[in-house]
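Enquirer: One letter stands for each residue in the lines below.
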Amino acid sequence: MKLLKEMANRDRVFEFLVPQQSPVDVRHGPILYLEDVSVSFDGFQAINKLNLTIDDGELRCIIGPNGAGKTTMMDIITGKTRPDAGSVWFGSRHNLLEKSEPEIASLGIGRKFQKPTVFEALTVFQNLELARATNKSLLPTLLEQMNGDIRAQIEEVLELIGLKELHRQEAGILSHGQKQWLEIGMLLMQRPRLLLVDEPVAGMTEQEMERTAELLTGLAGKQSVVVVEHDMGFVRSIARQVTVLHQGSVLAEGSMDEVSNNPKVIEVYLGEEA
Amino acid sequence: MWLTQPLYERSTRIFLGVLLLAMILVTLLHLAVPADHPLYVSAYTVNLFGKYLSYALLAVAVDLVWGYLGILSLGHGAFFALGGYVMGMYLMRQIGDRGVYGHPELPDFMVFLNWDALPWYWLGSDSFLFTALMVMLVPGVLAFAFGYLAFRSRVTGVYLSIMTQALTFALMLAFYRNEMGFGGSDGMTNFRDILGFDLRTDETRLALFLISGVALAVGYVICRALVNSKLGRVCIASRDAEARTRFLGYRVERVQLSVFVVSAMLAGVAGALYVPQVGIINPSEFAPLFSIEIVLWVALGGRATLYGAVIGALLVNYAKTYFTGVMPDAWLFALGGLFVLVTVFLPKGIAGLLKQRKQAKEKEEEVPA
Amino acid sequence: MKPLLACLLLFLTWLPSLSIAEEDVRAGALLEALDVRSFADKGEAISELAISEDPRTRYWLNALLDGSLQRTHEGRFVVVLNNRGRSWPVEDALTQEDLGEISRRELNRISINNSLRNQIRSLIAVADLYSEDLSLRRASAERLVGEVDEALAEFLAEHIEQETDRRVQQRLSLALAIYQLEQGELDAVAELHGSLNTDARIALSRAAAQEENPLLAQEAQAALSAIEQRLKMNRTAETLYFGLSMGSVLVLAAIGLAITFGVMGVINMAHGELIMLGAYTTWAMQQLLPGQPGLALLLSIPAGFMVSGLVGIAMERGVIQFLKGRPLETLLATFGISLMLQQLVRTVISPQNRTVVTPEWMSGSLVVNDALSLTLNRLYIMAFALLVFMALIYILRRTRLGLEVRAVTQNRAMARSMGIKATRVDMMTFGLGSGVAGLAGVALSQLTNVGPNLGQAYIIDSFMVVVFGGVGNLWGTLVAGMSLGIINQVIEPWAGAVVAKILVLVFIILFIQKRPRGLFPQKGRAAGD
Amino acid sequence: MKRLNQLKKLAVTTSLGTALTLATLGSSQAFAQDPIRVGVLHSLSGTMAISETVLKDTIEMLVEQQNAQGGLLGRELEAVVVDPASNWPLFAERARELLDQHEVDVVFGNWTSVSRKAVLPVFEELNGLLFYPVQYEGEESSKNVFYTGAAPNQQAIPAVNYLHEQVGIERWVLAGTDYVYPRTTNRILASYLQEEFGVAEDDIMINYTPFGHSDWQNIVAEIRRFGSQGKKTAVVSTINGDANVPFYRELGNQGIDAADIPVVAFSVGEQELSGIDTGPLVGHLAAWNYFMSVDTDANYDFIDAWIDYTGDEEAVTNDPMEAHYIGFNMWKEAVRKAGTTDVDEVRDAIYGVTVPNLTGGYAVMMPNHHITKPVLIGEIQNNGQFDVVWETPGTVAGDAWSDFLPGSRDLVSDWRAPMSCGNYNVKTGRCGGSRAAEEAAEALGE
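Chains as they are written, first to last, in the working numbering: chain Z, 148 to 421; chain D, 1314 to 1682; chain W, 14 to 542; chain U, -13 to 432.
Derived by calculation from the structure, the hints in this document are not laboratory data. Mixed in with the good hints, there may be bad ones.
[To be verified] Taking beta-carbon pairs under 8 Å as the criterion, some of the chain D residues facing chain U (in silico): (1) Met1493; (2) Gly1497; (3) Asn1503.
[What the hints assert, rightly or not] Which bits of chain U does chain W cover? Going by a derived footprint, with three or more residues having C-beta under 8 Å, they are: (4) 34 to 48; (5) 105 to 115; (6) 214 to 220; (7) 228 to 235; (8) 241 to 247; (9) 303 to 315; (10) 350 to 359.
Quick caveat: nothing in here was measured; it's all calculated off a predicted structure. Ideal Cβ positions, reconstructed from N, Cα and C, are used throughout, including at glycine.
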């Protein structure tokens, strides 16, 4: 028993399983690579021959009207939905289509849902604790004890997302914005190589938005970030590279200014803005 | 050490304290008080309490999977009954040649079915240690096989409930068959002694009652430790947002499977304690109705609290004993009504009420401060 | 067989000839002879009665047949008109004058047993060959197959010519042929060739078994093997029929659930009891309309629908609506309701089973050929099941309600914003599902017990069918029910009823592991997680 | 409700004639000592309520009548009713409650074998007295249980004798529900048919179905084929309770007439028929020791009293009720003889006690705790009654251990001193254990 506890607590055991150790090979090329991915539900073509590459450390924004297939794309990357055709690679080594959600997650892909999903019955603190990057197989999870440096990690993130004084509260009572933050916090606890962030600023106040923007830009470089967002203002404030999805495939790609001047994009978006 | 951790926790201490107190009290009232005294607790009553305690353990097992894992099992009666049958086989073998046919080896029902030897699956049933092992293994293995298939292919929620029900129903039909070699519809009864102690003496009954109490305590502590651990929190997480938990990197199906198996084993133990106290095990224990009733105990006591399950089990079963005694017709109405009222008006059960009380008090105290 | 010979004379001398007084003396003596302990003597007496030229013979034989010919302690012969209760209305067996009611203590039945019952029926059958009523003639011809003796054979030989109806002729000549075969006539074999009739087959196998006439044996053997072939085919057809009829019962029981569970996501454990209510409605109807079981049955189709439907709506309003989005809780609550409904029936009506009469047109079976006959009640129920199914499909696909139902189940909020009263739709949907359960009950009352436990027997099967077929898909339910029925009936002969049931359950459990959403799953986003 | 009961009481007493009414007046002043307690252990709820409630009422009626006649030993009788709710473990619990808490002097109860087996240890431990009124599989003999229902040799054996000798049956279908009573009965019958009538293996078809089996198509079709092989065939049915209605319905619809293939049932009585439309069933048989239609004054009096007690003109009586009637009277006599309700003394006193039964004969309590009964074969009539077509010349004594089962043919039961043994082995001359067991023991010894 004692021994097991030791092993569970020390960070360096089970090398191959601890996410940030996972050898994502980015020496030759991108961290995420989608090629000719297609999927359809009952005849409705949600994703159609989608090609997308994200470089290591890049911050990419993905915009597009409703039904463009943004969320479906995320589902495919995280293993929730299996595409009918195409291939998805994480680095040049991991074929994501062969992996289950937990495996993908432990490879270092973290996701924040469009609708914030936190564990409402658990406290803010516990939410973060569960998210924390560590060996998540059965026995270690059973035996893990709270200790100094774990607490430290969590406090750190609590600071960052500004929920310190609420950390004893059940996540269920948090406001929408706070839930957004909590979920971002959980992402941070996972220490992923690639973050998929779905509409992070929905229901946030101006200054919350700004802080989010800071946070995401701050992350970029160390980690790769993919942001799906409707709020053009927000996108403009963070975006370097923007990809426009339309009817399940890439419509345009480039800097914010390039795409916003792109006639096709304007045409697609006219409906939205008017 | 994680297993002992709950012992430093207030609620667990209270629970264990109350349980211990009750056990001592009953023992004293039974032994020390003269039989004609109003406070005297008869062997009959002790026996009843023993039965209730084994039910309580069963309820705790169900609460573990339903309360914390969100899996509504309508088949836990099956694990309970299997544990009971394993124990029954042992007790059957203890009768030896005192059966009506006086056969040294075979139980009576085999003699009259003209069998000349024990079937292979009865081997070892005469050893108590082996039995004690099997009491947990048999339900455990079944739960593993079933759970492995179910959770791997993500059969959850309603579907799982209905499948568990089908499981126990199929087992009931199977055990009703005489060819199975478990005594068919009559099951096993007329037990004589356990570990050499005569089952028909008051001492043995008292002992069984106490053992049931201890078993309940141990089972409770194990479950408590489990739910207090990080794994317990993962359970709750997967109960409320299964997909999210997967995205965090937890293999939810393994968590579900392991907890399900533990719960099944506890149910098996409960069954094994139940049988020597009521003196009969037969296929009706597999009846879906019984399994659903267990869930009611938990619901009444309060989900995801463990102690609530115990309260519920004791209350409902006492009520059952009482009502079927005084007003048999009313019993099913009462039981049925209970189902409705609890689910509609008391979703958090009695434990929920207590909590509310507590919180209300705290608020009052806060106001002046 | 003396009596049959005897009765040939019976109808030749139909008209009364002697004076009433002498008549009654002789008649009294005849009846007197019937009141003896040994059934052998009774048999004699009956033949005597048959030869007597008394016009009341037929009346007495019928009375004897249904046990209403009785004798008072003073030794007077009476015919009981109604034998329920403690004292019975009777009329005099000779004068047929009404004697009012007599305590059953005062009466002794002139009892008969199966063999005498047979004898009398044959007597009446022969008499019926002369009846004007064609159906009677056919019945009697049917009956005489395998009962022919020498005397009757001679008589039939010429009677066949006079017979006008084709089928009666065929039957009679078959009967004759069987007798001739027993007498060892070779050409009889040709007549019996390919006949599936049991008596014919038995006669042939006897002929095939005997030694003294090898040629006949050979012929008979050939005929037999041909028959065996056809029997095999018929058996397969029969099993298929059994499977389908069991399937249609399953579908009927499950289809209501497919709506409440499949469409609304409510796990209605009280579904079985709703079925039970339907069955009890049928019983109540028959109590209200004594003597017209058929009409009562037809009326109880709408009635059963209403009763169960209303109870269902009450449940929905009273309990289920408070449990929106908590399916597992609905399971517990409805289970509680099911317990209460059961006990209610026990205390209000009775714990005993109730008698539901099967109307004439539903009992018996449709004879395809001598080896294959389809039981009528199940045939009707099959048709009924399909009818109900089609009606439901129509309602859900074509009517306003169906549209609203689909709208609400797919996107509640949206539907409401478009002005659909979601709560009302829920109510209607649940009512519909429950009502259909009631219809199932009406049908089941023709197959099985009408008692408090009726529902229990079907609830689990119903859930199995719905889950197996794929929740929220009526066609799935149909296919699932039928295939489960057939599987069950195919396994049963070699595995036995119990094992068959177990195997089917295990099969479903494993199947669900492979395809968690059943045979016809709802795909894509609609399915939801 | 209370008032209703009093009315019933009145009705009963009046119907029992003026002499009794006087007795009632006499008895209406308080009884001398505390009452004699009569326990009633029948399911009033759950699946068995169907059959058992009437037996509870029967005992209550008999107790009332007895009190109307001035009670027993000058003491009033008091019925203590509990409800085991068709739940076998609960039966054991309730039995303990009756003997331990309520300290009853005698218990009348149980229907199913399993419930009896469940309470057996309790009665032996607390030395209680149980009267069990239902026909059962035998193979059991307890010091504390009196079996007033039929043993297999008082129902099954005579029934097949009748079919073989009177009806000339050569081919047999033994169909039953899959539990101990049918299993044992069918095993006894199978070996009996083969040994006594030399019936061939393949002229016997044995079939078991689960409780409440409802889809009989296949089985009935099989029976039809089995029966159409040119030999006269009969079905011996040990099918239990609820499964019977769909079974008989299917028989009727597939056109199996009593004249072609008669079905003789051991578990279908007036009570069960009251739930069936008997029109199509006329001529099918049942074997019992009592039928409601039996034409004796004793029976008519019993029926009238019963109808008055239940207040239901359509109320039926059946065999287990008669068994209770006999059992109750025997116990009564024994108590009178012993002058006490002490269990041991009553037991010693009851052997040889003779009371009239309802079919015009007498029942004697044998030392093996079984009683003598006439065996009647009845044919179903269109009014849900049976018409007796045959009965044993005399009465038959119940046999606890069947002579046609290898395990038990050497066992006899005699609870009188000095033997006082339920399973005395005549071969080995020791109490307990059969020859088979002995051999097994020797085998182990070697």
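Enquirer: Hints first: check each against the structure and report whether it holds.
Expert: Do the hints match the structure? See the list:
A hinted interface residue such as Met1493(D) counts as satisfied when its beta carbon comes closer than 8 Å to some beta carbon of chain U; here the least separation is about 10 Å, so the hint is violated. With 8 Å as the threshold, the beta carbon of Gly1497(D) comes within range of chain U, its nearest partner Cβ sitting at about 6 Å, so the hint holds. For Asn1503(D), the shortest C-beta to C-beta distance to chain U is roughly 5 Å, which falls under 8 Å, so the interface hint holds. Coverage of a stretch by a chain is defined here by at least three residues with a beta carbon nearer than 8 Å to that chain's beta carbons; for the region 34 to 48 of chain U and chain W the count is 3, and the condition holds.
Coverage of the region 105 to 115 of chain U by chain W is violated [criterion: at least 3 residues with CB-CB distance below 8 Å; count 0]. For the region 214 to 220 of chain U, the stated coverage by chain W is satisfied: 3 residues place a CB nearer than 8 Å to a CB of that chain, which reaches the threshold of 3. Counting residues of the region 228 to 235 of chain U whose CB lies closer than 8 Å to any CB of chain W gives 4, which reaches the minimum of 3, so the coverage claim holds. Interface restraint, the region 241 to 247 of chain U with chain W: holds (3 residues with C-beta to C-beta distance below 8 Å; minimum three).
Here the region 303 to 315 of chain U counts 0 residues with a CB under 8 Å from a CB of chain W, which misses the bar of 3, and the coverage is violated. With a threshold of 8 Å between beta carbons, the proposed coverage of the region 350 to 359 of chain U by chain W is violated, since 0 of its residues qualify and at least three are required.
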